[in-house]
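Kindly generate the complete structure, drawing on both the sequences and the hints.
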Amino acid sequence: MTTVFRSLALAVVLATMGIGTVRAGSEAPAGYYADQKVVYHNGGSGPDEAAYFKRLLANLRNHVEAVGKAHVEIRVVSLGDGVGLFQSAANDKELAGRIDALKGMGVRFLVCANTLRERKIDRTTLYGVGEDDLVPSGVAELARLQAMGFAYIHP
Amino acid sequence: MTTVFRSLALAVVLATMGIGTVRAGSEAPAGYYADQKVVYHNGGSGPDEAAYFKRLLANLRNHVEAVGKAHVEIRVVSLGDGVGLFQSAANDKELAGRIDALKGMGVRFLVCANTLRERKIDRTTLYGVGEDDLVPSGVAELARLQAMGFAYIHP
Amino acid sequence: MTTVFRSLALAVVLATMGIGTVRAGSEAPAGYYADQKVVYHNGGSGPDEAAYFKRLLANLRNHVEAVGKAHVEIRVVSLGDGVGLFQSAANDKELAGRIDALKGMGVRFLVCANTLRERKIDRTTLYGVGEDDLVPSGVAELARLQAMGFAYIHP
Chain A
1 MTTVFRSLAL AVVLATMGIG TVRAGSEAPA GYYADQKVVY HNGGSGPDEA
51 AYFKRLLANL RNHVEAVGKA HVEIRVVSLG DGVGLFQSAA NDKELAGRID
101 ALKGMGVRFL VCANTLRERK IDRTTLYGVG EDDLVPSGVA ELARLQAMGF
151 AYIHP
Chain B
1 MTTVFRSLAL AVVLATMGIG TVRAGSEAPA GYYADQKVVY HNGGSGPDEA
51 AYFKRLLANL RNHVEAVGKA HVEIRVVSLG DGVGLFQSAA NDKELAGRID
101 ALKGMGVRFL VCANTLRERK IDRTTLYGVG EDDLVPSGVA ELARLQAMGF
151 AYIHP
Chain C
1 MTTVFRSLAL AVVLATMGIG TVRAGSEAPA GYYADQKVVY HNGGSGPDEA
51 AYFKRLLANL RNHVEAVGKA HVEIRVVSLG DGVGLFQSAA NDKELAGRID
101 ALKGMGVRFL VCANTLRERK IDRTTLYGVG EDDLVPSGVA ELARLQAMGF
151 AYIHP
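Chains as they are written, first to last, in this note's numbering: chain A, 1 to 155; chain B, 1 to 155; chain C, 1 to 155.
For the record, the hints were derived by calculation from the structure and aren't laboratory data. Do not take every clue at face value.
[Claimed, not checked] The calculated lysine-lysine pairs, modelled on DSS-like cross-linking and capped at a C-alpha distance of 25 Å, are: (1) B:LYS120 <-> C:LYS54; (2) A:LYS54 <-> C:LYS103; (3) C:LYS69 <-> C:LYS120.
[Said to hold, decoys possible] Have a look at the derived ranges for each label pair, beta carbon to beta carbon: (4) B:ARG117 <-> C:ARG117: 38 to 48 Å; (5) B:GLU94 <-> C:ALA90: 42 to 52 Å; (6) B:ALA34 <-> A:PRO47: 43 to 53 Å; (7) C:MET105 <-> A:SER88: 39 to 49 Å; (8) A:LYS69 <-> C:MET148: 20 to 30 Å; (9) B:GLY97 <-> C:ARG55: 25 to 35 Å; (10) B:LYS93 <-> C:GLU131: 49 to 59 Å; (11) C:GLU131 <-> B:ALA50: 22 to 32 Å; (12) C:GLY130 <-> B:ALA90: 40 to 50 Å; (13) A:GLY106 <-> B:ARG117: 18 to 28 Å; (14) A:GLY104 <-> B:THR125: 20 to 30 Å.
All values derive from a computational prediction rather than experimental measurement. The beta-carbon is built from N, C-alpha and C at its ideal position, and this holds for glycine as well.
Here's what the structure looks like:
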């Protein structure tokens, strides 16, 4: 398909021979992706937050499917307006279902405790956010995870 | 508070015993954050730039307070519309005060010389931007700092 | 010009003596920039996509000129609405010309195959996008390149 792919000829040949496996749900040949650790920055994005959250969740699903659930560790850090994702999901079953599906695929959703305190948001009003999902500061967590080898993506 | 925190039980116990110190202004237990180096990308964000700049400065303050002034090195690279932050501050004492407070907390504000030249902006019309605060190219500086181990955050 | 520059006095002196070279088109003294690898995230940015694409391309040109063509490897990953860049360029000779100029400067433009499939976009309707320019997943590529040492910039 691409030059990069062709350069992976050996991996493909090995896969064809049954050595190595092509991951289900992935378009990439075996070996194209090394295991990944990724942190997503969800700060919201007005004026159309609903469209932004939909796109964010679609990105996450595509990411896991491309690399394979067993080969990617994703953490989503929500802060500021990004916390609206879990407020919306409390009244939107489809959105809630998508979040749950992503959790089932191994995606971890973290929420900034600073934001909740400053905006006086009660954690229990947020869909699916437990005590264990809080981090002291969203921005500090983004830096912390990058220092631990996580790539950064801000959709 | 979270699983991560509980797993830091030892650190907490040590802190309680007076061994190690809990940082003032931080919600995280001692040891949760390693020392951080972070570059913030300020490219502005229309149509409501004023709200964006306010949020950016709030993020910065929260970041320093969470990790502790002595434990985080932050550089803010302003380019393109982001330079408007310092134009606004020239006519807005509250905004200027927030920038000064962040400088007092160790945050360094860098400005893209390319942007100033292309937009014919006189540096001296910008609030608090000296010769020493200019970098040749904002985007190249973002890449340069990341290669030097800085995490990247684009609010 | 800045403190950083002054601290590079030795490099400047050497350059003045004809030892080392000041790169053409660059404002920075020789030695300020180490060789760079950078991935740009182009996800589009409504409502004014045209302005966003113009700014993105200007950033890219400035980046290459600041560091020097031989010293920076840039890949632009376009996904989601970002693919609109190549749809617009199909009907906009000036935009197409800018993309071509950047390719001539060594910038590589990659396009998310996932996006094309989901939006039923025919690759051949995109300006200057060949089979070799497709990557299986844009987001996974952003993570993959960062793990390979590329800095990340999302304008």
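**Q.** Assessment of proposed distance window 20 to 30 Å (beta carbons of A:LYS69, C:MET148)
**A.** 22 Å, holds
| query | Using the C-beta atoms of B:LYS93 and C:GLU131, is the stated range 49 to 59 Å upheld? | reply | Given a distance of about 57 Å, which is inside 49 to 59 Å, the answer is holds.
### Message
C:LYS69 and C:LYS120 were given as a pair; does the straight-line alpha-carbon distance stay at or below 25 Å?
### Response
35 Å, violated
The hint says 42 to 52 Å between B:GLU94 and C:ALA90; measuring C-beta to C-beta, is that right? Because 47 Å falls inside the window, the suggested range holds.
For the range 22 to 32 Å, tell me whether the beta carbons of C:GLU131 and B:ALA50 fit it or not. Hint violated: Cβ distance 46 Å, outside 22 to 32 Å.
Notebook entry, point to check: Is the distance from the Cβ of A:GLY104 to the Cβ of B:THR125 consistent with 20 to 30 Å?
Noted result: Violated: the Cβ-Cβ distance is about 54 Å, outside 20 to 30 Å.
Go ahead and decide if the range 39 to 49 Å is satisfied by the Cβ distance of C:MET105 to A:SER88.
43 Å, holds
- Message: Taking 38 to 48 Å as the stated bounds, is the beta-carbon spacing between B:ARG117 and C:ARG117 within them?
- Response: 43 Å, holds
**OP:** Quickly compare the C-alpha distance for A:LYS54 and C:LYS103 to 25 Å and report which way the hint goes.
**Re:** Distance of about 33 Å is beyond 25 Å: violated.
Cβ distance range 18 to 28 Å for A:GLY106 and B:ARG117, holds or violated | With a Cβ separation near 48 Å, A:GLY106 and B:ARG117 fall outside 18 to 28 Å, so the hint is violated.
- Given the hint of 43 to 53 Å, check if B:ALA34 and A:PRO47 actually sit that far apart at their C-beta atoms. 37 Å, violated
Range hint 40 to 50 Å (beta carbons of C:GLY130 and B:ALA90) holds or violated: 49 Å Cβ-Cβ, so the 40 to 50 Å window holds.
In terms of the numbered hints stated before, the structure departs from hints 2, 3, 6, 11, 13 and 14, listed from lowest to highest.
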